[in-house]
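**Q** Here is how the chains run, residue by residue.
Protein chains: 2
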Amino acid sequence: MRVLILGVDGYIGWTLAQRLASKGHDIYGADNFFTRKRVKEVGSESVLPIPPMGTRLKRFGDFYRKDIKFFRGNVADPDFMYRLFEEVRPDAVYHLAEQRSAPYSMIGLKQANETMVSNLVSTINLVYAAKDLNPNIHIIKLGTMGEYGTPNIDITEGFMEIEFRGRKDTVPFPRNASSWYHWTKVHDSNNLMFANRIWKLKITDVMQGVVYGTATKEIEKSRLYTRFDIDEVWGTALNRFAAQAVAGLPITPYGKGNQKRGFLSLEDSITCLNLALEKPPKDGEYRVLNQFDQYYSVNFLAETVSEVFKDISGKSPEIKHVDNPRVEAEEHYYNPDHKKLYDLGYRPSGDLRKDIGKIITDLLDHKEKCKELKKVIMPRTFWRKSSGL
Amino acid sequence: MRVLILGVDGYIGWTLAQRLASKGHDIYGADNFFTRKRVKEVGSESVLPIPPMGTRLKRFGDFYRKDIKFFRGNVADPDFMYRLFEEVRPDAVYHLAEQRSAPYSMIGLKQANETMVSNLVSTINLVYAAKDLNPNIHIIKLGTMGEYGTPNIDITEGFMEIEFRGRKDTVPFPRNASSWYHWTKVHDSNNLMFANRIWKLKITDVMQGVVYGTATKEIEKSRLYTRFDIDEVWGTALNRFAAQAVAGLPITPYGKGNQKRGFLSLEDSITCLNLALEKPPKDGEYRVLNQFDQYYSVNFLAETVSEVFKDISGKSPEIKHVDNPRVEAEEHYYNPDHKKLYDLGYRPSGDLRKDIGKIITDLLDHKEKCKELKKVIMPRTFWRKSSGL
Numbered sequence: 004m005r006v007l008i009l010g011v012d013g014y015i016g017w018t019l020a021q022r023l024a025s026k027g028h029d030i031y032g033a034d035n036f037f038t039r040k041r042v043k044e045v046g047s048e049s050v051l052p053i054p055p056m057g058t059r060l061k062r063f064g065d066f067y068r069k070d071i072k073f074f075r076g077n078v079a080d081p082d083f084m085y086r087l088f089e090e091v092r093p094d095a096v097y098h099l100a101e102q103r104s105a106p107y108s109m110i111g112l113k114q115a116n117e118t119m120v121s122n123l124v125s126t127i128n129l130v131y132a133a134k135d136l137n138p139n140i141h142i143i144k145l146g147t148m149g150e151y152g153t154p155n156i157d158i159t160e161g162f163m164e165i166e167f168r169g170r171k172d173t174v175p176f177p178r179n180a181s182s183w184y185h186w187t188k189v190h191d192s193n194n195l196m197f198a199n200r201i202w203k204l205k206i207t208d209v210m211q212g213v214v215y216g217t218a219t220k221e222i223e224k225s226r227l228y229t230r231f232d233i234d235e236v237w238g239t240a241l242n243r244f245a246a247q248a249v250a251g252l253p254i255t256p257y258g259k260g261n262q263k264r265g266f267l268s269l270e271d272s273i274t275c276l277n278l279a280l281e282k283p284p285k286d287g288e289y290r291v292l293n294q295f296d297q298y299y300s301v302n303f304l305a306e307t308v309s310e311v312f313k314d315i316s317g318k319s320p321e322i323k324h325v326d327n328p329r330v331e332a333e334e335h336y337y338n339p340d341h342k343k344l345y346d347l348g349y350r351p352s353g354d355l356r357k358d359i360g361k362i363i364t365d366l367l368d369h370k371e372k373c374k375e376l377k378k379v380i381m382p383r384t385f386w387r388k389s390s391g392l
Numbered sequence: 004m005r006v007l008i009l010g011v012d013g014y015i016g017w018t019l020a021q022r023l024a025s026k027g028h029d030i031y032g033a034d035n036f037f038t039r040k041r042v043k044e045v046g047s048e049s050v051l052p053i054p055p056m057g058t059r060l061k062r063f064g065d066f067y068r069k070d071i072k073f074f075r076g077n078v079a080d081p082d083f084m085y086r087l088f089e090e091v092r093p094d095a096v097y098h099l100a101e102q103r104s105a106p107y108s109m110i111g112l113k114q115a116n117e118t119m120v121s122n123l124v125s126t127i128n129l130v131y132a133a134k135d136l137n138p139n140i141h142i143i144k145l146g147t148m149g150e151y152g153t154p155n156i157d158i159t160e161g162f163m164e165i166e167f168r169g170r171k172d173t174v175p176f177p178r179n180a181s182s183w184y185h186w187t188k189v190h191d192s193n194n195l196m197f198a199n200r201i202w203k204l205k206i207t208d209v210m211q212g213v214v215y216g217t218a219t220k221e222i223e224k225s226r227l228y229t230r231f232d233i234d235e236v237w238g239t240a241l242n243r244f245a246a247q248a249v250a251g252l253p254i255t256p257y258g259k260g261n262q263k264r265g266f267l268s269l270e271d272s273i274t275c276l277n278l279a280l281e282k283p284p285k286d287g288e289y290r291v292l293n294q295f296d297q298y299y300s301v302n303f304l305a306e307t308v309s310e311v312f313k314d315i316s317g318k319s320p321e322i323k324h325v326d327n328p329r330v331e332a333e334e335h336y337y338n339p340d341h342k343k344l345y346d347l348g349y350r351p352s353g354d355l356r357k358d359i360g361k362i363i364t365d366l367l368d369h370k371e372k373c374k375e376l377k378k379v380i381m382p383r384t385f386w387r388k389s390s391g392l
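Protein chains in written order, with my numbering: chain H, 4 to 392; chain F, 4 to 392.
Worth double-checking, as some hints may not be accurate.
Intra- or inter-copy, both count: the list cannot distinguish identical chains.
List time: in silico DSS-like cross-link candidates among lysine-lysine, alpha-carbon distance up to 27 Å [said to hold, decoys possible]: (1) K72 / K61; (2) K263 / K203; (3) K372 / K220; (4) K374 / K259; (5) K285 / K388; (6) K343 / K171; (7) K40 / K374; (8) K342 / K171; (9) K378 / K313; (10) K388 / K203; (11) K282 / K220; (12) K203 / K259; (13) K43 / K61; (14) K203 / K343; (15) K282 / K342; (16) K263 / K171; (17) K370 / K40.
Don't read these hints as lab results, they were simulated from the structure.
Chain H with its partners taken away, still in its complex shape (with noise of 0.2 Å):
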């Protein structure tokens, strides 16, 4: 198939790339480079060194014996999106090319209006020049868990059948964000849901969970690593508890650290998204999907890091609660359903400890690094403080 990535230079779309060459797909990447610019922006980088995309691109072509073919461009300028379309013709396309971070998105109104814009119009973009060009291309998006929020009552994976003052429907499930950019992933999914109903797109909308790890099979054996952020701005909660602990740091949850994610594997991630490329929806369906393996409170990631740092190094991370820096609640219900990937073949293939054990073997590699980046551990965006002009 000819699969187009957008946003390939990312760390899932990085991965993808490998598996799905592995698989003997035909390869076609954009991205502008707007994660490796935030990030410097930050004082932050990448723990596992990435190099310039051309780099990337030669070393991907020795190693897998296949090009990618690379366009550098935004793709919320309309002209890159119909030229991409265009020129690559793909079977089929995954849009990773948004902006990724919830407290970036918090920053300030510069920032919160930065990610409304890109996010939801490269979205628009997107399906304007599927409808025009190949409205019979598979979109598959990248949305998040966190547009669901956590309601006292169970999740469904898109859509609920409810029945209210005695009559039924079946309605999208109320979403609930929590930042700008939560809010950004549930917008582009009402917007493709209608995309969907007036051009009869064939669309996979993604609810993904926090994503861990440093590698995926192919990258084991490539060793062409993606990128891997433990700041407060690009990175999340497991990875940047390894890398803490790594550094000779406290753990640090945020506030009380009862809040409920799901969360997946690196590897398990780019299974699932090889799997809805490999199993479609039909022809005019919008399909969302749930994707995460397990849910575990934060407190449980914490402890669950410290002890396998322990084991694998004899020393004992301090766990140390700190302010947080977001409007979120801290001890609530959470179900969410995740079947229907386990419908289409989904098997985890993990142990969390033993993938904790991976991620922090890797990281001791890059153990230097973990403590010069200390600096920009610590959270600095405050969602209550977001600053205006």
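Fit chain F to the supplied structure of chain H, relying on the hints for placement.
**A** Leaving out everything else, chain F in the frame of chain H:
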């Protein structure tokens, strides 16, 4: 009170300013004349003649013995929004300054993106300016009943208590809009709900039905008419039907015409918007009001306009169904709540037939203009064809 109206040059804004003046408030207004420009672009104009803003403001001052302090600018520009807040220090702000046409948003990719960006960014700018400069302000934001779509269950006002799999929660009523424009209002509602959650802003989010009418009690006296659009892009159902009758054209419901929508007169819209101001929500509350008088089917309105026109003129306009340019259910359940405004004291002023009679009488003074605009009345914007680059 110091009241700021964003979009003061519009159909609702100009009329509201007159009500607020008659109530003795200090009025500040902003506009960038987007609607004037865009209406001209589709070859149309307001049937009721509206003078340039300078003349308008002068006549307003003369009649009401009170000036509107006017600021020309774009509320999607954060600097302009902040300058407004700094100079005006309003006690309350009405946000009526969004791109308001569903067909305009569906013309093509350019208009879809323009609508997304300008509407969402204006609301984000507003909540940041409020948080930074005036956190106790009351924000009254114009949304639409169209946010809810036409579910097979009763529609509540913003939130619903549901029981699902044996557990209960109060959740945002699931939205399901039917144009990019309507979706921007959903996205805004979500963004406002979130801004309220993190910053405790006091917000009234108005889910307004379709407004009809040429005048209010103030306009009857002042003769300072507001704009009145009848073309396929900027006009709305009932107003357009009246103009078709006056122009001697057939009245043209879209599709089967069994679409039901909430409607209210311009007089009632202004009454409700003023009530929202006089009876604000509690500090830190996000309040959603469903603002309409009755719901009608499009067919019922077409027939009523035809009958009233016959009573006035003796001639009975033909009703001619045309292919529906939109993608929407043409037969559906519809039962939205609208209790909260009644609880605040709203009582509908009118009688549909009388209101339609008044519109027809006013339009008969501009019969030639209605005839002249014949060329822009029939649908040219088709949801399924919305054009790309």
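**Q** Does each hint hold? Answer for all of them.
**A** Hint check:
For a Cα distance limit of 27 Å, the shortest separation of K72 from K61 inside one copy, 11 Å, qualifies, whereas the shortest one across copies, 62 Å, does not. Taking the shortest Cα distances, K263 and K203 sit within 27 Å of each other only across copies (24 Å), while inside one copy they are farther apart (35 Å). For a Cα distance limit of 27 Å, the shortest separation of K372 from K220 inside one copy, 24 Å, qualifies, whereas the shortest one across copies, 71 Å, does not. Taking the shortest Cα distances, K374 and K259 sit within 27 Å of each other inside one copy (26 Å), while across copies they are farther apart (68 Å).
In this assembly of identical chains, the alpha carbons of K285 and K388 lie at most 27 Å apart only when taken from different copies (22 Å versus 45 Å within one copy). Proximity of K343 and K171 under a CA criterion of 27 Å is satisfied in both settings, with 23 Å inside one chain copy and 24 Å between copies. In the homo-oligomer, the alpha carbons of K40 and K374 lie at most 27 Å apart inside one protomer (21 Å), although the nearest pairing across protomers, at 57 Å, exceeds that limit. Proximity of K342 and K171 under a CA criterion of 27 Å is satisfied in both settings, with 23 Å inside one chain copy and 22 Å between copies.
In this assembly of identical chains, K378 and K313 lie within 27 Å of each other by CA distance solely inside one copy; the values are 24 Å within and 78 Å between copies. Within a single copy, K388 and K203 get their C-alpha atoms only as close as 42 Å, which misses the 27 Å cut-off; across copies the closest is 12 Å, which meets it. Taking CA atoms no more than 27 Å apart as the test, K282 paired with K220 passes inside one copy only; the shortest distance there is 21 Å, against 62 Å between copies. For the identical chains of this complex, K203 and K259 are inter-copy neighbours only, at 22 Å across copies versus 45 Å inside a copy, given an alpha-carbon limit of 27 Å.
When the C-alpha separation of K43 and K61 is checked against a cutoff of 27 Å, the pair qualifies only within one copy, where the shortest distance is 24 Å, while the shortest distance between copies is 54 Å. Taking identical chains as interchangeable, the C-alpha atoms of K203 and K343 lie at most 27 Å apart only when both belong to the same chain, with a minimum of 21 Å there against 38 Å between chains. Only within a single protomer do K282 and K342 lie at most 27 Å apart by alpha-carbon distance; the minimum there is 15 Å, versus 47 Å between protomers. Taking the shortest alpha-carbon separations for K263 and K171, only the inter-copy value of 19 Å comes in at or below 27 Å, while the best intra-copy value is 30 Å.
In this assembly of identical chains, the alpha carbons of K370 and K40 lie at most 27 Å apart only when taken from the same copy (23 Å versus 60 Å across copies).
The structure is consistent with each of the numbered hints, conforming to all of them.
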